[in-house]
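Model the placement of chain A on the given structure of chain U, informed by the hints.
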Amino acid sequence: MASRSRESARDKLQQEFISEAEEILERMRDDLSALAEQRAAGREAPPETVNRLFRSAHSLKGLSGMFGHAALSELAHHLEDVLDRLRMGRTTLGQGGLALLDESVALAAAGLEKVGRGESADAVAEPIADLVGRIAAWDAAPAAPGESTPLPPHWLRALTEYEESRLRESQRRGRALHVIELELEIASFEETLSELTGAIQEVGELISTLPSPGASSESRIRFALLAASELEAKELAARLELAPDAVHAAHAGAAAGAAESAAPPGAPGAPETGAPETPAPEADAATLKSLSETVRVDIKKLDELMNLVGDLAHERSALRALALRLGGERATARAAAELEKIQRGLDRKLQELQAGVLDVRMVPLGQVFDKLSRVVRRLRLDLGKDARLEIQGADTELDKLIVEQLVDPLMHLVRNAFDHAIEPAAERAARGKPAQGLIRIEATQRGHDVAISVADDGRGIHPEQVRARAVQRGLIAADATLSRKEAFALLFLPGFSTRSEVSETSGRGVGLDVVRANVSALGGLVAVDSTPGVGTSVTLTLPITLAIIQVLLVGVAGQRFAIPLGGIRETLLVTPGELERSGPRELLHLRGDALPVRRLAEEFALAAVDRARKQYAVVLGIGDARLALLVDRLEGQQDAVIKPVQGPVRSVRGVAGATELGDQNAVLVLDVSALVEDGTKRREGA
Amino acid sequence: MTGAGAERWERLARAAAAAREGREEPLAQRELLRVEVAGSPYALPIERVREIVRLRAITAVPRVPALVLGVISLRGEIVQVLDLRQALGAEAEPPGRRARIVVLHGESGEVAGLLVDAVSEVLRVPESELRDAPGEPVPCVSAICTRGDRFVSLLDPDQVFELAAS
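These protein sequence lines are chains U and A, in that order.
Residue numbering for the first sequence follows our numbering, beginning at 512 and increasing consecutively.
Residue numbering for the second sequence follows our numbering, beginning at 139 and increasing consecutively.
Only chain A is shown next, with the shape it has when bound in the complex:
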């Protein structure tokens, strides 16, 4: 079992044990990493986030979709970096000072970094407050929640990965 799979398994097992003992299921509370992309807040499931790294030189790779910015070396591990701006349909822009690469692991153990404009905070959102996005389905967005007077879109990392692979 991959590391990611094992973690998920453990989380589920804990949740199941909690449910059996009649405690409140911890799954009901989601922890999300809030990131900023093209002026809007987005959220990534924190259990998928492996690390957050400062921007570094990204080695461009030829013959790939524009959304694939290239690869970086993370302590010797080669990790592909995807531009979340482009994945969400915004124009590519040179990254600013607050730009970060959020390294995520996918459903099947693959690893990829997402370039975001900034990482802002960790949100704790009760599962019940997550709703389907209204209107037309937006690519990569699996749900939304409100924070203050703003909508935060919850992203599905696997959909972003798929977008890059197509």
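With the rest of the complex left out, here is chain U:
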């Protein structure tokens, strides 16, 4: 059973990989054809397209590496290098380069297809190695002058130096290059040409006029005019009163005939040096059909499904209640037993359905981690520091919605670690640390939670310094005594920052408080631990899903509330005598610990509190912080689908959302982390 589920998990991962990689390749194909078009139109490669290509190659590399497809990863790695240099302007993309990129994408697609068939992508390792060699050779060749112009090399040779410089200037100004082909009477061609030249100059520039072969009769002569203009080919033709097909965009293959013969008589018939335009057509055709059987689904649709499952669960509850009622009467006892049996069967199926829908929402955290590697890569360049990112538990799964919300907080933590924590190489050497810093991200599943830690081996944080700064900022009293943990908790206060100077990388005044706000909005919590000189680790603990949770229903003053079970440590009945008053606060002694007490009736101003009454204490726990929340009644556990709430209700502190429990009544779901935080907070300045 276990091995089967492991195997299906692997299958699922493999599917995930294929669909993701397919998407990347699709994007690359689009971008490459866009580049080819731009090139054909004589325009420079748009930087955003090149950047996107680079990012795609990078993602493909990371993804392939993660799934152990070494050959694919190797190919993507070289692509990434080339594209990186290209986007940095250290190399230019000629026709040859474009063809190589096309070929690479086709080859990667072929490799992917092998993976899809359950074969190893290493089957294409040989062609990949060959291609990688050619990419390296191409990349090493210095960019030929005029390499970026969209003209065949032999035509370029026919241009004078001045014409060539005009050509480059036109390109720089973003003008499109056009080839105008026409046939004129030898007797009058000079007149016609000068008329045309004048007309062209009104809308652009005539760069060169080249006679070409293939005239229809002895008395006629053909010309190819190279013109630069802001106008499109069709507009230009109309402007010059020529047939629309007489003008077309210049590209490497254009007017080859004209160019060939246009070469000065002395020049030898220039051999075709451009790479062939054959990007492995077979592989291309094969990838038209999607390899994976994955479907992309809008998460909203899954939410709707989940709601439906929740509604079904309510129906089942009603059925169960009916069975119990019927069971109480002799006449219907047998039917009730039947009904109960059916109900139980339904319940099992429902649970499977629920698990299935939940499963669909789950995505591996690797998706986010991949983005983080990219961040580190960029920081390495920007900050001139060196640190590597070590990732563990990339296959740990979380609800898609949560994963998306995690990108920013994690990005922030990694930047922080890189920017503030990791020391410059010299300082590291002095401390006997390896020159290269280490940032370690680790995700592990613990029951219904996932813990993600971002740890560095940097300079660490001194609790005393944190304390001093908090005093300086007036966040705590000068004589406040704080435990190590309490000191680190100060880091999360809004506006707190341990470094006074503003850094480009980590932003201005944006600190851990933002990370905490983001994470607690997801029902999670953040904790910091640090050893000065050794390193810091920040741990986020998050629920696996937000879609459906188990809640405890409690009653206070005629109103019901739902408390997520994940935040509850225990419940107990307390008599007034068990509560100790300490100033304005109350404490509950529980196995040697004194827990702060809050009464929900007071917290939400629901009713006057009768302190003589017995109460139920719901012990809430978030990390190490605990709070005893007093309520009038406990009304049992239930599955609940948390629904979004709109308007002012959404921002009520202490309320995470609302749910409906099958009786048509809305019930508010409490925000355990907010309640615990407020309840355990020291009084201002105390």
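Watch out, some of these pointers could steer you wrong.
Said to hold, decoys possible - Far from chain A, some chain U residues (derived; all Cβ distances over 10 Å):
| # | residue |
| --- | --- |
| 1 | Arg645 |
| 2 | Glu675 |
| 3 | Glu752 |
| 4 | Pro755 |
| 5 | Glu849 |
| 6 | Gln862 |
| 7 | Arg885 |
| 8 | Gln916 |
| 9 | Gly943 |
| 10 | Phe1007 |
| 11 | Asp1104 |
| 12 | Leu1145 |
| 13 | Val1160 |
Claimed, not checked - Computed footprint of chain U on chain A, listed as stretches where at least three residues anywhere in the stretch have a Cβ under 8 Å from a Cβ of chain U:
| # | region |
| --- | --- |
| 14 | 196–210 |
| 15 | 213–219 |
| 16 | 243–250 |
Please keep in mind that the hints were generated in silico from the structure rather than gathered at the bench.
All residues carry an ideal CB built from backbone N, CA and C; glycine is no exception.
For chain A alone, kept in the frame of chain U given last:
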């Protein structure tokens, strides 16, 4: 595009098409839902009304302005309910037998229910008969029209929503 946005878009498109064909623009005729609040007639633009539901148990929400009565569950959807009485400056009163919740969608797709004392009829009012309210601007009222011998105030749902959010 949200459902509300799409509807509005369609309505505008129809109006534009009608205008092009020289027909009378249907926008010139407004359909309004007349509701009664604190003894006075008010009107809500009908294209904003999603449904009208009978009064049901409203779950109170702590820490919100009094005008926010709480939330209800509409077939599983959680919808906030605002007291139109309080929005219009009248005293809160326990709802009577004819009280209804008019569920509206706002400009940006948000949904809220307005508690009214009663829903009476659908009015068809030519755009030309809608006038600015005389005197001081009244909160949430965007225009008035006369029906018989009475003024009917046309409410702007977005202003009511904003009032609740402040």
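Structure-based check of each hint:
1. Arg645: The assertion about arginine 645(U) holds, with a minimum of 48 Å to chain A.
2. Glu675: Given that every Cβ of chain A is farther than 10 Å from that of glutamate 675(U), nearest at about 51 Å, it holds.
3. Glu752: holds, 36 Å
4. Pro755: Answer for proline 755(U): holds, closest chain A Cβ roughly 32 Å.
5. Glu849: holds, 29 Å
6. Gln862: holds, 19 Å
7. Arg885: holds, 32 Å
8. Gln916: holds, 20 Å
9. Gly943: Nearest chain A Cβ is 54 Å from glycine 943(U), so the label holds.
10. Phe1007: Since the minimum Cβ distance to chain A is about 26 Å, phenylalanine 1007(U) lies beyond 10 Å and the statement holds.
11. Asp1104: holds, 28 Å
12. Leu1145: Answer for leucine 1145(U): holds, closest chain A Cβ roughly 19 Å.
13. Val1160: violated, 5 Å
14. 196–210: holds (count 11)
15. 213–219: Answer holds; 5 residues pass the 8 Å Cβ test.
16. 243–250: holds (count 3)
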